[in-house]
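Numbering follows the working numbering, in which position 18 of the sequence shown is assigned residue number 275; successive positions increment by one, without gaps.
Watch out, some of these pointers could steer you wrong.
[Unchecked claim] List time: in silico DSBU-like cross-link candidates among lysine-lysine, alpha-carbon distance up to 30 Å:
#, residue 1, residue 2
1, Lys315, Lys273
2, Lys315, Lys262
3, Lys273, Lys262
[Claimed, not checked] Here are the simulated distance ranges between beta carbons:
#, residue 1, residue 2, range
4, Pro291, Ala318, 17 to 23 Å
5, Gly320, Pro291, 28 to 34 Å
6, Glu299, Val271, 16 to 22 Å
7, Gly284, Ala317, 14 to 20 Å
Hints in this document: simulated from the structure, not taken from any laboratory.
For each residue, glycine too, the CB sits at the ideal point set by N, CA and C.
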Amino acid sequence: MEITKDMTIGEILVNKPEVAPILMEMGMHCLGCPASQGESLEQAAMVHGMNIDDLMGKIAALG
């Protein structure tokens, strides 16, 4: 499954749980909190001061 920046954190974790360590490494330590379940990856990156393109690159490297 291809991960897009418009997907919610909840969708990503259900469909590709191996992304969780990358999100944690990038500073998203609250993956289970209610806000993260409804936030898009792009929104979460913005809130955490991350570059979405860097984050997408790390996720894409998983294969």
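Evaluation of the provided hints:
Proposed proximity of Lys315 and Lys273 is supported: the alpha carbons are some 14 Å apart, at most 30 Å. Between Lys315 and Lys262 the alpha-carbon distance is near 12 Å, which keeps this suggested pair within the 30 Å criterion. Between Lys273 and Lys262 the CA atoms are separated by roughly 14 Å; this keeps the pair inside 30 Å, and the hint holds. The supplied range of 17 to 23 Å is broken by Pro291 and Ala318, whose beta-carbon atoms lie about 29 Å from each other.
The hinted window of 28 to 34 Å between Gly320 and Pro291 holds, with their beta carbons roughly 30 Å apart. For Glu299 and Val271, the hinted distance range of 16 to 22 Å is satisfied, since their beta carbons lie about 18 Å from each other. Separated by about 19 Å at the C-beta atoms, Gly284 and Ala317 satisfy the suggested range of 14 to 20 Å.
The structure shown violates just one earlier hint, number 4.
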